[in-house]
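Novice: Sequence:
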Amino acid sequence: MFPIRQRYLVPLGLLAAALFAITIYRANAGVTQNTPADQPLAAVVDVAVVHSKAIVDWHAYSGRLEAVEHVQIRPQVSGAITALHFADGGLVHKGDELFTIDPRPYEASVNQATARFAAAQARAAFTASELQRGKRLLAANAIASRDVDEKRNAARVAKAEEASAAAALQAAQLDLEHTRLVAPISGRASRAEVTLGNVVQAGPGAPVLTSLVSVDKVYAAFDMDEQSFLRFLNKARLDPHAIMPVELGLGDDQAYPRQGHVVSIDNHLDTASGTIRVRAVFDNADGALLPGLYARVRLSTRTARQAVLVDEKAIGTDQSKRYVLVVDAKSQANYREVTLGPVRDGSRIVESGLAAGERVVVSGLQRVRPGDSVQARVAVGDATPDIAMRSPASSTVGKAQLPTAESASPAPSSRS
Numbered sequence: 001m002f003p004i005r006q007r008y009l010v011p012l013g014l015l016a017a018a019l020f021a022i023t024i025y026r027a028n029a030g031v032t033q034n035t036p037a038d039q040p041l042a043a044v045v046d047v048a049v050v051h052s053k054a055i056v057d058w059h060a061y062s063g064r065l066e067a068v069e070h071v072q073i074r075p076q077v078s079g080a081i082t083a084l085h086f087a088d089g090g091l092v093h094k095g096d097e098l099f100t101i102d103p104r105p106y107e108a109s110v111n112q113a114t115a116r117f118a119a120a121q122a123r124a125a126f127t128a129s130e131l132q133r134g135k136r137l138l139a140a141n142a143i144a145s146r147d148v149d150e151k152r153n154a155a156r157v158a159k160a161e162e163a164s165a166a167a168a169l170q171a172a173q174l175d176l177e178h179t180r181l182v183a184p185i186s187g188r189a190s191r192a193e194v195t196l197g198n199v200v201q202a203g204p205g206a207p208v209l210t211s212l213v214s215v216d217k218v219y220a221a222f223d224m225d226e227q228s229f230l231r232f233l234n235k236a237r238l239d240p241h242a243i244m245p246v247e248l249g250l251g252d253d254q255a256y257p258r259q260g261h262v263v264s265i266d267n268h269l270d271t272a273s274g275t276i277r278v279r280a281v282f283d284n285a286d287g288a289l290l291p292g293l294y295a296r297v298r299l300s301t302r303t304a305r306q307a308v309l310v311d312e313k314a315i316g317t318d319q320s321k322r323y324v325l326v327v328d329a330k331s332q333a334n335y336r337e338v339t340l341g342p343v344r345d346g347s348r349i350v351e352s353g354l355a356a357g358e359r360v361v362v363s364g365l366q367r368v369r370p371g372d373s374v375q376a377r378v379a380v381g382d383a384t385p386d387i388a389m390r391s392p393a394s395s396t397v398g399k400a401q402l403p404t405a406e407s408a409s410p411a412p413s414s415r416s
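First residue of the sequence shown: 1, per the numbering used here; consecutive thereafter.
To be clear, the hints were calculated from the coordinates, so they are not data collected in a lab. Every residue, glycine too, gets a C-beta built ideally from N, C-alpha and C. A hint or two may mislead.
Just the calculated beta-carbon pair ranges, DEER-fashion [stated by the list, open to error]:
1) G292 to T195: 18 to 28 angstroms
2) H59 to K217: 17 to 27 angstroms
3) S62 to A166: 51 to 61 angstroms
4) Q76 to G292: 21 to 31 angstroms
5) E193 to A255: 31 to 41 angstroms
6) T114 to N198: 23 to 33 angstroms
7) T317 to A87: 46 to 56 angstroms
8) V343 to G292: 25 to 35 angstroms
DSS-like mimics (lysine-lysine), calculated; alpha carbons at most 25 angstroms apart, straight line [said to hold, decoys possible]:
9) K135 to K159
10) K313 to K330
11) K217 to K94
Given only the sequences and the hints, what does the whole structure look like? Please build it.
Specialist: See below:
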């Protein structure tokens with residue numbers, strides 16, 4: 001009977017040993033699963049400190065360039081064009097000759113008027129001499145008073161004829177002068193609308209031979225809405241000494257490289273469009289500004305305000321919303337919706353949603369979700385690289401103070 005009992009005890013012992021081994025394995029596995037080493041690692045992200053800066057707001061408008069001076073050259077006398085003295089599109093100076101109209105008929109008119117004036121002068125001198133002789137004879141009672149009156153009247157008529165001949169000579173000389181069409185201003189000429197040999201007629205329907213525009217300065221005309229006018233210009237326009245700065249950029253300019261100032265504001269608001277026409281003047285020494293070009297202009301409020309700025313890389317898009325991930329003192333990433341303003345010095349102005357001194361994720365947004373723990377490190381090129389960007393609550397991070405808001409002088413920006 002003893003061998004049978006021993007035969008059953010051996011398998012039972014082996015089974016108990018196996019169960020004990022399984023229990024120990026499961027216990028060790030449970031401990032291993034709950035060790036911190038197997039917990040998900042915090043994502044490493046680059047962060048930057050949000051800073052504030054004194055800025056001046058600029059508001060942008062679109063308009064067109066206009067010439068300060070624009071002149072159409074028309075003939076003032078009739079005749080054939082005998083010479084052209086400028087190149088199409090070339091620069092001319094005030095007084096330069098542009099066209100010549102055949103002067104010969106007008107030279108003959110001047111000669112004729114000169115002769116008539118000389119004859120009138122002779123008659124006037126003779127009648128004046130006769131009047132003086134008559135006065136002497138009248139004093140000697142050698143002539144009747146009526147004869148003296150006739151001589152006086154003849155002298156007056158001759159004097160009037162002399163003045164008329166002088167005026168006719170002046171008109172003939174002026175017509176001769178008008179055969180030389182000269183530039184009344186310095187600037188750039190358009191193309192010649194007539195060629196040599198064409199006969200042009202003076203008068204109300206006289207053709208435009210060419211046109212000139214000044215180039216040393218240029219206007220930018222643009223329409224401003226009513227609210228902007230009340231904000232920017234209404235008070236300043238009443239101060240005769242106020243200078244309202246304006247910046248200008250052309251269609252291919254990335255910024256606003258040219259500076260000018262407002263020179264005129266229209267005398268009424270267009271009720272149909274709700275805008276008022278404003279004109280600013282800009283230097284154009286290089287001649288790059290041509291009348292008619294599209295222009296982008298912007299005006300400033302001229303008063304600085306503190307604004308919060310953040311790196312563009314920190315801004316994410318959630319459908320129609322803009323957001324940033326803010327790293328708090330517990331090294332957790334938090335979703336924060338923000339309202340954005342224009343770009344200033346490479347950073348984006350945040351109108352609401354952020355405060356200076358907060359830390360935002362600038363790299364690794366795709367690896368982090370709101371509520372995740374993160375391991376923050378300083379972003380390369382951050383405005384505050386000397387500050388340790390780690391949470392004081394972290395066991396592996398040194399204790400450091402967040403930077404205070406940064407202040408800077410106002411700088412212009414484009415309107416978004």
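Novice: Per the hint of 25 to 35 angstroms, is the separation of the Cβ atoms of V343 and G292 within bounds?
Specialist: holds, 29 angstroms
Novice: So the hint says 46 to 56 angstroms: do the beta-carbon atoms of T317 and A87 match that?
Specialist: The hint (46 to 56 angstroms, Cβ to Cβ) holds, given that T317 and A87 are roughly 55 angstroms apart.
Novice: Hint check: K313 vs K330, CA-CA at most 25 angstroms. Holds or violated?
Specialist: holds, 23 angstroms
Novice: Between G292 and T195, is the Cβ distance one that fits in 18 to 28 angstroms?
Specialist: For T195 against G292, whose Cβ atoms are near 25 angstroms apart, the range 18 to 28 angstroms holds.
Novice: Range hint 23 to 33 angstroms: satisfied by the CB atoms of T114 and N198?
Specialist: With a Cβ separation near 30 angstroms, T114 and N198 satisfy 23 to 33 angstroms, so the hint holds.
Novice: Is 17 to 27 angstroms respected by the C-beta to C-beta distance linking H59 and K217?
Specialist: Since the Cβ atoms of H59 and K217 sit about 24 angstroms apart, the hinted range of 17 to 27 angstroms holds.
Novice: Given the range 31 to 41 angstroms, decide if the beta-carbon distance of E193 to A255 lies inside it.
Specialist: Holds - the Cβ-Cβ distance for E193 and A255, about 39 angstroms, lies within 31 to 41 angstroms.
Novice: Need the status of pair K135, K159: alpha-carbon distance at most 25 angstroms?
Specialist: holds, 18 angstroms
Novice: Should the hint that Q76 and G292 are 21 to 31 angstroms apart at their CB atoms be regarded as holding?
Specialist: holds, 28 angstroms
Novice: Would you mind confirming whether the straight-line C-alpha gap from K217 to K94 stays at or under 25 angstroms?
Specialist: Cα-Cα ~15 angstroms, so holds.
Novice: Could one say that the CB atoms of S62 and A166 fall in the range 51 to 61 angstroms?
Specialist: holds, 57 angstroms
Of the numbered hints listed earlier, not one is contradicted by the structure.
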